[in-house]
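Engineer: Here are the chains, one letter per residue:
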Amino acid sequence: MNKIISLEQAMELVHDGMTVMIPGFMGVGTPEILVDGLVEKGYKDLFIICTDTARPNVGIGKLIVNGQVKKLYASHIGTNPETGRMMNEGLIDVTLIPQGTLAERIRAGGSGLGGFLTPTGVGTVVEEGKQKIVVDGKDYLLELPLRADVALIRGSKVDKKGNIWYNAATRNFNTVMATAAKTVIVEAQELVEVGEIDPNNVMTPGIFVDYIVKGDA
Amino acid sequence: MDVRERIAKRVAKEFKDGDIVNLGIGMPTLVANYIPEGVEIIFQSENGFVGMGPAPKEGNEDPDIVNAGGLPVTVLKGAAYFDSATSFGIIRGGHVDATVLGALQVDEVGNLANWMIPGKLVPGMGGAMDLVVGAKKVILAMEHTAKGRPKILKECTLPLTARKEVNLIVTEMGVFDITPGGMFLREIAPDVTVEQIREATEADFIVSEHLKVMEE
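These protein sequence lines are chains A and B, in that order.
Numbering-wise, our numbering puts 256 at position 57 of the first sequence, and it's gapless, one number per residue.
Numbering-wise, our numbering puts 120 at position 111 of the second sequence, and it's gapless, one number per residue.
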């Protein structure tokens with residue numbers, strides 16, 4: 200099965216109003232070419248799940264500035280003043296989620312769990328509307344799984360079956376997001392032949408990946 | 010030495026050899042510059058590694074290696090990278106010995122507010138809520154007042170980051186322990202009096218029987 204498609208073909212898989220997961224920490228590990236593709240296409244009313252909105256000209260920040268995001272789940276928006284401004288003007292519906300809770304909700308979504316219990320957020324605004332469960336005398340919040348229509352991820356080295364190796368700190372939300380969307384598209388910084396990545400070093404097994412778009416080396 | 014450097018230097022004395030430590034952005038980051046000789050600390054960066062080293066020389070930045078503030082850093086020999094789910098498993102799971110954070114407000118029972126000012130500043134909590142709940146020891150590195158107004162209060166008024174999780178407060182005026190028995194002034198800066206600290210602090214605190222001059 201050939202998973203390699205063009206950027207144009209990849210963008211045909213996204214539509215207005217979709218829920219899209221995009222990894223990256225201040226843009227590190229974000230698939231910039233796929234994000235640029237979304238900007239070019241101009242899809243509207245997207246529901247973006249990411250850990251931060253980077254800066255106005257970096258990563259997910261570009262989608263914010265271009266007015267394509269209707270709803271946002273993130274842990275931090277402080278480095279992109281546009282996100283805060285648009286939130287205050289009611290243009291984006293923002294839900295702030297503790298970073299560890301966000302990662303685990305996506306992990307739960309991708310691994311068939313109905314949720315998990317975390318002490319993070321107990322006694323803060325984060326607990327509003329959530330079920331509190333006591334285990335061994337300690338309070339926990341029930342946090343629910345997250346899934347998306349599409350995950351746009353980025354691999355440092357990707358083979359033609361979609362097995363992925365991530366360099367350094369680019370792994371961040373890539374591995375969990377790769378498991379939690381109906382359609383997973385990876386931007387391959389370096390595309391290699393099957394067998395060139397030692398199975399011991401595969402961080403995202405290719406079975407999670409639907410499509411591969413060749414990026415910049 | 011300026012106030013921030015003094016605070017950072019004092020915080021750095023709190024660690025034991027081999028501790029795993031997460032430093033928040035801003036003043037807490039300076040703590041790494043003052044680790045005493047003979048003490049090896051493993052720094053965790055919540056975006057996905059342990060074994061963080063200093064900033065690279067100009068021109069040697071690696072775009073794939075940044076700290077939790079998005080700034081270029083290096084990793085030391087023996088470092089390890091992981092994904093965000095593992096990173097926060099490390100944090101919530103009690104595998105981080107200490108975290109050092111800043112504060113907008115803290116109160117006498119150890120409630121902390123450091124992630125938003127309603128209507129003004131809403132950057133988000135990032136990893137702070139997980140860190141404060143999960144780290145074995147929560148240390149605040151903060152200036153004692155903000156524009157002359159106390160930041161150490163009887164009760165926080167801003168939205169909380171976590172309840173009753175702060176263990177130690179280090180300011181330019183002194184060092185406080187927060188315990189179930191109350192808040193104790195443990196060390197005092199050489200250039201201030203207990204009365205001056207009371208004036209600059211809204212919270213009630215007990216002067217420790219073993220009060221000593223703040224270590225430089």
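No wet-lab data here; the hints were simulated from the structure.
Where is the CB? At the ideal position from N, CA and C, for every residue including glycine.
Among the hints, erroneous ones may be present.
Selected chain B positions facing chain A (in silico; Cβ < 10 angstroms) [what the hints assert, rightly or not]: (1) Ser54; (2) Glu55; (3) Asn56; (4) Pro72; (5) Leu80; (6) Lys86; (7) Gly87; (8) Phe91; (9) Ile100; (10) Trp124; (11) Gly128; (12) Met134; (13) Gly135; (14) Pro168; (15) Leu169.
Engineer: Give a verdict on every hint.
Structural biologist: Verification of the supplied hints:
{"no.": "1", "hint": "Ser54", "verdict": "holds (7 angstroms)"}
{"no.": "2", "hint": "Glu55", "verdict": "holds (7 angstroms)"}
{"no.": "3", "hint": "Asn56", "verdict": "holds (4 angstroms)"}
{"no.": "4", "hint": "Pro72", "verdict": "holds (7 angstroms)"}
{"no.": "5", "hint": "Leu80", "verdict": "holds (9 angstroms)"}
{"no.": "6", "hint": "Lys86", "verdict": "violated (15 angstroms)"}
{"no.": "7", "hint": "Gly87", "verdict": "violated (15 angstroms)"}
{"no.": "8", "hint": "Phe91", "verdict": "holds (7 angstroms)"}
{"no.": "9", "hint": "Ile100", "verdict": "holds (6 angstroms)"}
{"no.": "10", "hint": "Trp124", "verdict": "holds (8 angstroms)"}
{"no.": "11", "hint": "Gly128", "verdict": "holds (8 angstroms)"}
{"no.": "12", "hint": "Met134", "verdict": "holds (5 angstroms)"}
{"no.": "13", "hint": "Gly135", "verdict": "holds (4 angstroms)"}
{"no.": "14", "hint": "Pro168", "verdict": "holds (5 angstroms)"}
{"no.": "15", "hint": "Leu169", "verdict": "holds (5 angstroms)"}
Hint compliance for this structure: hints 6, 7 are not met, and every other hint is.
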